[in-house]
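**Student:** Listed below are the residues making up each chain.
2 protein chains.
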Amino acid sequence: MRATTIHGPQDIRVEQVPDAAVQDPGDAVVQVELACICGSDLWAYRGVSKRAPGQRIGHEFVGRVVDVGPDVASLRPGDRVIAPFVWSDGTCAYCVQGLPTSCRSGGFWGSGTSDGGQGEAVRVPFADGTLVRVPEEADDALLPALLALSDVMGTGHHAAVSAGAAPGATVAVVGDGAVGLCGVLAARRLGAERIISLGRHEDRGKVARLFGATDQVTERGEEAVEKVRELTGGLGAPAVLECVGTEQSWATAIGLVRDGGRIGYVGVPHQAPNLPTGKLFGRNIGIAGGLAPVRTYLPELLADVLAGRLDPSPVFDRTVPLDEVADGYRAMDDRSALKVVVTP
Amino acid sequence: MRATTIHGPQDIRVEQVPDAAVQDPGDAVVQVELACICGSDLWAYRGVSKRAPGQRIGHEFVGRVVDVGPDVASLRPGDRVIAPFVWSDGTCAYCVQGLPTSCRSGGFWGSGTSDGGQGEAVRVPFADGTLVRVPEEADDALLPALLALSDVMGTGHHAAVSAGAAPGATVAVVGDGAVGLCGVLAARRLGAERIISLGRHEDRGKVARLFGATDQVTERGEEAVEKVRELTGGLGAPAVLECVGTEQSWATAIGLVRDGGRIGYVGVPHQAPNLPTGKLFGRNIGIAGGLAPVRTYLPELLADVLAGRLDPSPVFDRTVPLDEVADGYRAMDDRSALKVVVTP
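Residue numbers (my numbering), protein chains in the order written: chain S, 3 to 346; chain H, 3 to 346.
Since the hints were made in silico from the structure, they are not lab data.
There could be a bad hint or two in this list.
One copy or two, either will do: identical chains are not told apart, so a pair holds if it fits within one copy or between any two.
[To be verified] Here are the computed lysine to aspartate or glutamate pairs in the DMTMM-like style, where the Cα-Cα straight-line distance is at most 25 Å:
| hint | residue 1 | residue 2 |
| --- | --- | --- |
| 1 | Lys281 | Asp91 |
| 2 | Lys52 | Glu249 |
| 3 | Lys281 | Glu249 |
| 4 | Lys208 | Glu35 |
| 5 | Lys281 | Asp336 |
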């Protein structure tokens, strides 16, 4: 089969690799219908996150089960499924409490020798614990929206839940990437009344408004903080979604959060900023979030997509066939595309 | 009147100062019945926190109102009152939401030219917003317990609430100072089932057990983390109270918190440690807490003290008259005393 591999910075290839196949009794093999490229894939693309030459890449996909091992109980060939961005056994203490990202048997697509999502098919460990079945009657037109549930929508939702977005809340969202935009959508879904989106890109601003942003702040840094404070009676936003993960974005989030408020953080800390407790303490600022337990959120988000109440698909603004996946990376890297769908 | 002043590291004096008097219409003057020395006063005593020579010190006291300004509506001379460790106007947006520590008109006893708690009397700004009246029928024997509500008990409670201590919870408390011990007591009061207290001092361990600690860990650092993990099936404690505020105590708290858990932080970050987001992200660790809004918690904690359901007074293990307050500082600095009461 063909799959995307990464051989070094800016060196994305599509290569012939061994066919995905059942290896363990709990495995399933999923034929990918749609995959996509994540902002976090760009860290590998830029050489910031190291990868072994030839390693697979991609961690978001929807597809159809084509084979299952003898222990798989809940799925059968032909089922359409969504894969969250980590696999998990579904039975350990962490999985049971709803934190599959801490599953001791879990792992990331493309890590080590595992299959990545940007390929023709994927071997899925712990298929019963990992995959979420899509009802057969779901319209094919929903596929992009379902694909977004594999990571960005669940991650934006995690930020919103963690920040305390709730009916009537005032929320600020730092970052207008696909995750930040999904954070806006999630905050609206949770009933937030005022949603302040921070970001400079006009095209992304349009998606933010479509998703429910009531205010947009195009300033950066200290000016953005001042602007949000102006918009909130000088107090700041009680719920802030940190959807970037850099030192600057954290400084902005801390600057504009209201005293006693909470920052829901989901921006992958590739540059691993350190939080100044001295700036949090006197103001009673809390933080919550982290790597989104997407598997836990999938059933409720899926139900809303199927019912027509939730559509994160506008975060995708380009589609490339698998053979042109490298163009997709380039487009996201130079920001000419927001998020790119890959069709095997 | 006489009051405690600080002139430099290890230089605590009792001096004649101008009598406390009403200056603003909302002021009250409180004759101090009992005051005490706080672990955070030691930072000034050790020269880590700078003070102007001759500045007042002390921020915990109970006493009787002896004079009120014309705007004071809820108090009159003769009323016994508890003062939280900051004053606050009681009317601003932060006070109304229950965060008086962020009150724009608020301040700390002993800051600038204000009176400190370790003296014969204190001018209290915004007396209606700041002070909490103790019912006349309260027994004098309760005074030490009431004094503890001015800071340590409310601070321990803030750590416990912020960490998510609740009925049935497993809680770990980092720090066996007076705040950590009150954190144990607060966790028990909130219904925690298992309370693991970390600390090396045998005498403090006795108070921890009295306050409800079910397990005690005398190891430090990595060994303490391993021990707590042993006690919790390898998973760690879902609720951790950080009651120290140093880089080491934070590292311990992060090490022993269960993935998806929350650290309630109240240790004053004098050395202002920076939190490594890279170590929090993948494990979904949250933090909440900060400077305790003691004024907000006072009514419920006071009710429990008066009803005999709550007694934090065992954190006090020595009493000195005001003239010997310097001995009290020395005793707390060399750890021969846990927390010292001062009687004017």
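**Student:** Hint by hint, which ones does this structure get wrong, listed from lowest number up?
**Tutor:** 4 and 5
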